[in-house]
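Make a model of the complete structure from these sequences and hints.
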Amino acid sequence: MITVTNLAIQFGKRVLYKDVNIKFTNGNIYGVIGANGAGKTTTMNILTGYLSATSGTGKIDGIDILDNPIEAKRKIGFLPETPPLYLEMTVKEYLNFIYDLKKCNLNRKAHILEVCRVVKIEDAMDRMIKNLSKGYRQRVGIAGAIIGNPEVIIFDEPTNGLDPKQIIEIRNLIRTLGRNHTVILSTHILPEVSAVCERIVVINKGKLIANEKTEEISRVVDGFCR
Numbered sequence: 001m002i003t004v005t006n007l008a009i010q011f012g013k014r015v016l017y018k019d020v021n022i023k024f025t026n027g028n029i030y031g032v033i034g035a036n037g038a039g040k041t042t043t044m045n046i047l048t049g050y051l052s053a054t055s056g057t058g059k060i061d062g063i064d065i066l067d068n069p070i071e072a073k074r075k076i077g078f079l080p081e082t083p084p085l086y087l088e089m090t091v092k093e094y095l096n097f098i099y100d101l102k103k104c105n106l107n108r109k110a111h112i113l114e115v116c117r118v119v120k121i122e123d124a125m126d127r128m129i130k131n132l133s134k135g136y137r138q139r140v141g142i143a144g145a146i147i148g149n150p151e152v153i154i155f156d157e158p159t160n161g162l163d164p165k166q167i168i169e170i171r172n173l174i175r176t177l178g179r180n181h182t183v184i185l186s187t188h189i190l191p192e193v194s195a196v197c198e199r200i201v202v203i204n205k206g207k208l209i210a211n212e213k214t215e216e217i218s219r220v221v222d223g224f225c226r
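Going by this note's numbering, the final residue of the sequence shown carries number 226, and the count climbs one at a time with no gaps.
Wrong hints could be hidden among the right ones.
To be verified - Pairs of lysine-lysine residues, derived as PhoX-like cross-links and limited to a Cα-Cα distance of at most 25 Å, are as follows: (1) K102 / K120; (2) K92 / K102; (3) K120 / K103; (4) K109 / K73; (5) K59 / K75; (6) K59 / K207; (7) K103 / K59; (8) K92 / K134; (9) K75 / K103; (10) K75 / K102; (11) K59 / K165; (12) K134 / K18; (13) K73 / K102; (14) K75 / K120; (15) K92 / K120; (16) K23 / K205; (17) K75 / K92; (18) K59 / K18; (19) K109 / K130; (20) K109 / K120; (21) K103 / K92; (22) K73 / K59; (23) K102 / K130; (24) K120 / K134; (25) K109 / K92; (26) K18 / K205; (27) K23 / K165.
Derived from the structure by calculation, the hints contain no laboratory data.
For clarity, every value in this text was computed on a predicted model and none was experimentally measured.
Written as structure tokens, this is what we have:
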């Protein structure tokens, strides 16, 4: 379980978050939605340890992300909105680099081949990342995120800038990953949530509006918009 408790973020007199509490239970695909600037990326950055809160806690299976960052991060795979790729590397070189960076102890060759099979980039392993399409680069980023087989996978705007065919492919991939992982993705696109997510978390101006099953999304959003 992932918990955010009494979260608050303040820069000077500007309050971005105040008393936010969220629970993400294991085995679900969550969509974190809200308008641009609502606080979605801030939530992702706190959960992954990229950003510290002014007060409150974020815990992964009871492990505080700030007090024990290494242990907590072992349980997380994270893909930010812009994948952190090294364009001069081949796909194989990059994934081997990520394997070493994460100090992965699974069988290297078998694990990397399995990851590539899951994200469907086996045919691109020897290609340089700079020569790949944006959709393929996104897949390479996802492959990096799932190296080490983390329990939780977090995506920030995973289909941003992709064409319709690539969007469908990434959504299908997220559904596949959701069979064996807890998946959290942020987006401002409602159809994205309806297409792949089992629960929704609505954030607006740094406040939690709802945490509901996806079938309740219309009621939640309609009530919020009134």
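Consistency of the hints with the structure:
Restraint check for K102 and K120: satisfied, since their Cα atoms lie roughly 22 Å apart, inside the 25 Å limit. With a C-alpha separation of about 15 Å, the suggested pair K92 and K102 falls inside the 25 Å cut-off, and the hint holds. Between K120 and K103, the direct Cα distance comes to roughly 24 Å. Compliance with the 25 Å bound is thereby established for this hinted pair. With a C-alpha separation of about 23 Å, the suggested pairing of K109 with K73 holds against the 25 Å cut-off.
Of the supplied pair hints, the one linking K59 and K75 holds, its CA atoms being roughly 11 Å apart against a limit of 25 Å. Restraint check for K59 and K207: satisfied, since their Cα atoms lie roughly 19 Å apart, inside the 25 Å limit. Taking the CA atoms of K103 and K59, the gap is near 22 Å; set against the 25 Å cutoff, the hint holds. Among the hinted pairs, K92 with K134 is consistent with the structure: their alpha-carbon atoms are about 17 Å apart, no more than 25 Å.
A C-alpha spacing of about 13 Å is found between K75 and K103, which places the hinted pair at or below 25 Å, so the restraint holds. For the hint linking K75 to K102, the alpha-carbon distance of about 11 Å falls within 25 Å, and the restraint holds. Among the hinted pairs, K59 with K165 is inconsistent with the structure: their alpha-carbon atoms are about 36 Å apart, more than 25 Å. Restraint check: the Cα-Cα separation between K134 and K18 comes to about 36 Å, which exceeds 25 Å; the hinted pair is violated.
At roughly 9 Å between alpha-carbon atoms, K73 and K102 fall within 25 Å of each other, so this suggested pair holds. Only pairs whose Cα atoms come within 25 Å are accepted, and K75 paired with K120 is accepted, the gap being roughly 23 Å. Of the pairs offered as hints, the one joining K92 and K120 holds, with about 13 Å between alpha carbons and a cut-off of 25 Å not exceeded. Distance restraint check for K23 and K205: the Cα-Cα separation of roughly 19 Å lies within the 25 Å cut-off, and the hinted pair is therefore satisfied.
For a cut-off of 25 Å, the pair hint linking K75 to K92 stands: about 23 Å separates their Cα positions. For the given pair, K59 sits about 17 Å from K18 by alpha-carbon distance, which is consistent with the 25 Å threshold. A C-alpha spacing of about 23 Å is found between K109 and K130, which places the hinted pair at or below 25 Å, so the restraint holds. With a CA separation close to 16 Å, the supplied pair K109 and K120 stays within the 25 Å bound.
Taken as a hint, the K103 and K92 pair is honoured in the structure, with Cα atoms around 16 Å apart against an allowance of 25 Å. Restraint check: the Cα-Cα separation between K73 and K59 comes to about 10 Å, which is no more than 25 Å; the hinted pair holds. As the CA atoms of K102 and K130 are separated by approximately 23 Å, the hinted pair is consistent with the 25 Å bound. Note on K120 and K134: the hinted pairing holds, with a Cα-Cα distance of about 14 Å set against a maximum of 25 Å.
About 10 Å separates the Cα atoms of K109 and K92, which keeps this hinted pair within 25 Å; it holds. Between K18 and K205, the direct Cα distance comes to roughly 10 Å. Compliance with the 25 Å bound is thereby established for this hinted pair. Between K23 and K165 the alpha-carbon distance is near 33 Å, which puts this suggested pair outside the 25 Å criterion.
In summary, the structure is inconsistent with hints 11, 12, 27 from the numbered list given earlier, while agreeing with the others.
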